[in-house]
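There are 2 protein chains.
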Amino acid sequence: MSKEDVGITVSKNDDFSEWYTQVVLKAKLADYAPVKGLIVLRPDGYSIWESLRSTFDKKFAKNGIRNGFLPVLIPESLLGKEQKHFAGFNPEVFWVTHSGTNEVGDRLALRPTSETLAYTLYSKWIQSWRDLPLKINFWNTALRAEIKATKPFLRTSEFLWQEGHTVHTTQEEAEKEVMKILDIYKNTVEEELAIPVTTGKKSEKEKFVGAVYTTTMESIMPDGKALQMGTSHFLGQNFSKPFEVKFADKDNVEHFAWQTSWGVSWRLIGAMIMTHGDDQGLVLPPKVAPIQVVIVPIYRNDEGKTKVMPKVEEIKEKLELKNLRVHVDQREGLSPGYKFNDWEMKGVPIRIELGPKDIEKNSMVVAKRINREKDNLGFEDVEKIISILDEIQAQMFQNAKEQSVKNTLKVSDYSEFKLKIEEGGFLIAPWCGKLKCEEKIKEETGADIRVIPFGSENTEKKCLCCEEQSTVFPIFARGY
Amino acid sequence: MSKEDVGITVSKNDDFSEWYTQVVLKAKLADYAPVKGLIVLRPDGYSIWESLRSTFDKKFAKNGIRNGFLPVLIPESLLGKEQKHFAGFNPEVFWVTHSGTNEVGDRLALRPTSETLAYTLYSKWIQSWRDLPLKINFWNTALRAEIKATKPFLRTSEFLWQEGHTVHTTQEEAEKEVMKILDIYKNTVEEELAIPVTTGKKSEKEKFVGAVYTTTMESIMPDGKALQMGTSHFLGQNFSKPFEVKFADKDNVEHFAWQTSWGVSWRLIGAMIMTHGDDQGLVLPPKVAPIQVVIVPIYRNDEGKTKVMPKVEEIKEKLELKNLRVHVDQREGLSPGYKFNDWEMKGVPIRIELGPKDIEKNSMVVAKRINREKDNLGFEDVEKIISILDEIQAQMFQNAKEQSVKNTLKVSDYSEFKLKIEEGGFLIAPWCGKLKCEEKIKEETGADIRVIPFGSENTEKKCLCCEEQSTVFPIFARGY
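So the sequences go chain by chain: V and D.
Reading the first sequence from the start, the letters are residues 5 to 484 in my numbering.
Reading the second sequence from the start, the letters are residues 5 to 484 in my numbering.
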């Protein structure tokens, strides 16, 4: 047995950060690449991303969004067009200066995001109102040099994401699109990954610099830190003006278009690991699990094998006919106990154990990863596995929701806030809306405004940190 | 009407190169990016790639291959490990030297291919025979600085491709994998893109430098130039030795593993455009067409609209129930003639025209893009569209096959060869197997050995360019 095969050696409660890294590596989701800051996805990790991509693609398509491809290289000269937007990325940009032994004239940036490139093209493609709305999504990677310690899925210099860029004739239509996308994000994360999110707006300080405003979805992780799960930006005409994204209206008058951009990244996978994992390793929501049911046949000799395997194959076929993803673990020379641990580490939602005695009893053992409970299930009830998977998915969301509620607190007194923030969690607190207070709170407590939930306007209290009345009750937290 | 809307202005026969570029741009498959050598895929272009990816994914999965993700940056120090392999790429490598304002210590190459990176990781992941075979495919891009004029899908500095990398315990198994992949490539290109290919081996001179041997599939384009459509390499232990990809066998003895790598790129889309397009523009094989059937309702007033549209919707629904991709063109203010031309330019396989008079006759007009013939089809026969699409797909392959046969010639006399090569095409000619002759032929005629077809061993003739007996009859051609 190699080192890699040994289980998770720390508890999630004792050393969350080390626990997380061990789960990622030992469940074989990802590994470190030879360059600092970069990771590689192994098939079990990439498969979760493929599952999310496929769900998003279906929802995007229903909403009239199609996919395209953009190159990774953006000339420096182009980036200057929207200075304010790009300034934020400057310190993190990777620069290509040579091709072969030749120096490149105009340095090339590895895309930190593609607004500048996409809108240069959009301005060519869009002439009239007939060309609108234009809604294109790009599944690619973004590159932003990370100086802090690498954290797979959460802090890497290259990350998988999708970036959507839409163009509209009216402000109203663009703003509706922003919300439609945020809704797709929310229901996908909640339904597929079983992670509850809170949606709302970012503060002026925390918004995407190029945006008029940024909507966001945020979640609270079990260690009490907040994670931004995705953002959908209303760009107004901030880009359409410098990039000349214009259209001739029906009356043939030219207007600047209204735009949105939005993205989620593989950090959703990081959130899933943190939210659901336990001391035995990964716990996968059934909907995105590469393997939903693993069958471990148990026998000691050929006689046992002959008795067990036909039934194993039969169960496998039945479940596959129902479109479940099933794997039979027939690895030789490994004990059932070893296999059980291995599949628990990998987070497979349901394990079926099946030995000669089970055959005699006409039933199998069904072990649920979520609570590690075992039950007997008669062979005639094999299709119940489907509803058990649904129950697991629902239960995982329920558990995460409870955890999130437990980690959310209303606080209106600043000294209490300072105390509570040390314990982590979402703190809902009154705020006057001024940058000064936001900055002061950040400086004194390390907490950002993560999200100003929709409908959280509230003038009943005094601001957490000044004498003025509150305007809203944002969620404050220390974040990833 | 903008410039973009004007049709193809040159004939495919008169100026093939200009014709090709116009089709790509005007059918809105792709556009040039702001950096020389780079292109962008618009939704209609990317959709074809998505279709191919989905077909390959299904076939790969059946063959036990799963997908993963590799970062785009490879440290220079790592590239030195397999000098011979990498030397070939050196002049084309993009180098990252800075992140923000900081100089990067070990320069970072943008991947021209990922052997070095993948095998560094494989050597960590593989310990025992239990870990093999390891078969991972990566859908990513490769970057190779192109100095020659950009040609969308054919010559670009960044291109979409897949690169598969497998590891095996035995040479035999690895070589079988090489052939399995080549077979998947061949049947996918022939069945989906309707392009006939010839498979075989590359010569020593033309093989991938890191490989023991390279298998390839080649096609002849209508302009007489050959196009390499995909390659599958047997790497032997050429990489497993320097990268220490080793496994402990059942008897616990360590061995170097046997490897393969293989790839196809978006140049398949280029081949599809060249093979099937005509003077009206793109002609799409039904299997990969983003829209398979476009319905153009024809009416002059609301009365006509009320008469026509319910039937249009009914036909659309019927076809969509059969999983066809259908689009209804209800754009206002554009004439039917304009719309017909537009959809012909975009290559949609079937156009249905439906006006008030058709309603009265209980039938619709069905126009086939492949030969621009129109037929009437009774409303009760709407499902025949499915078989018409199948016929079109088969006919397109048949046409391409005939074109390919016409462009293939057997020549055993060198002066005839020199004459014929000026007309283009595949020239099958006897060869002694020596590099000297291969180089001389290349120098004197511009023709490479494109492929040595399987089973083309033949000692009956003298070599095309020396006095020795032939060993094989390779296919020579000038190539892209």
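These are calculated hints, taken from the structure and not from any lab test.
Each hint should be verified, as a subset may be incorrect.
Intra- or inter-copy, both count: the list cannot distinguish identical chains.
Cut-off 35 Å, straight-line C-alpha distance, at most; resulting in silico cross-link-like pairs (DSBU-like, lysine-lysine) [said to hold, decoys possible]:
#: 1; residue 1: Lys322; residue 2: Lys291
#: 2; residue 1: Lys63; residue 2: Lys320
#: 3; residue 1: Lys205; residue 2: Lys180
#: 4; residue 1: Lys465; residue 2: Lys309
#: 5; residue 1: Lys139; residue 2: Lys320
#: 6; residue 1: Lys446; residue 2: Lys311
#: 7; residue 1: Lys62; residue 2: Lys388
#: 8; residue 1: Lys465; residue 2: Lys311
#: 9; residue 1: Lys315; residue 2: Lys466
Query - Intra- versus inter-copy proximity for Lys466 and Lys315 (alpha-carbon distance at most 35 Å) - result: neither (68 Å within a copy, 63 Å between copies)
Requested in this report: Could you figure out if Lys322 and Lys291 sit no more than 35 Å apart (CA to CA) within one copy, between two copies, both or neither?
Outcome: both (18 Å within a copy, 31 Å between copies)
Requested in this report: Pop the pair Lys63 and Lys320 into one bin, within, between, both or neither, using alpha-carbon distances up to 35 Å.
Outcome: Result: close both inside a copy and across copies, 30 Å intra and 21 Å inter.
Query - Identical-chain pair category, Lys205 with Lys180, by Cα at 35 Å - result: Result: close within a single copy only, 14 Å intra versus 56 Å inter.
Query raised in the report: 35 Å Cα cut-off: does Lys62 pair with Lys388 within a copy, between copies, both or neither?
Result: Answer is both; intra-copy 28 Å and inter-copy 28 Å each pass.
Query raised in the report: At most 35 Å between C-alpha atoms: does Lys465 with Lys311 qualify within a copy, between copies, both, or neither?
Result: For Lys465 and Lys311, neither the intra-copy (71 Å) nor the inter-copy (63 Å) Cα distance is at most 35 Å.
**Report entry** Intra- versus inter-subunit Cα pairing at 35 Å for Lys446 with Lys311
**Finding:** Cα proximity of Lys446 and Lys311: none, with 65 Å in one copy and 65 Å across.
**Report entry** Lys139 and Lys320: within-copy, between-copy, both or neither at 35 Å Cα
**Finding:** between (42 Å within a copy, 23 Å between copies)
Requested in this report: Can you give me the call for Lys465 and Lys309, within, between, both or neither, at a CA distance of at most 35 Å?
Outcome: For Lys465 and Lys309, the Cα distance exceeds 35 Å both inside one copy (71 Å) and across copies (59 Å).
The structure fails to meet hints 4, 6, 8 and 9 from the earlier list, while all remaining hints are met.
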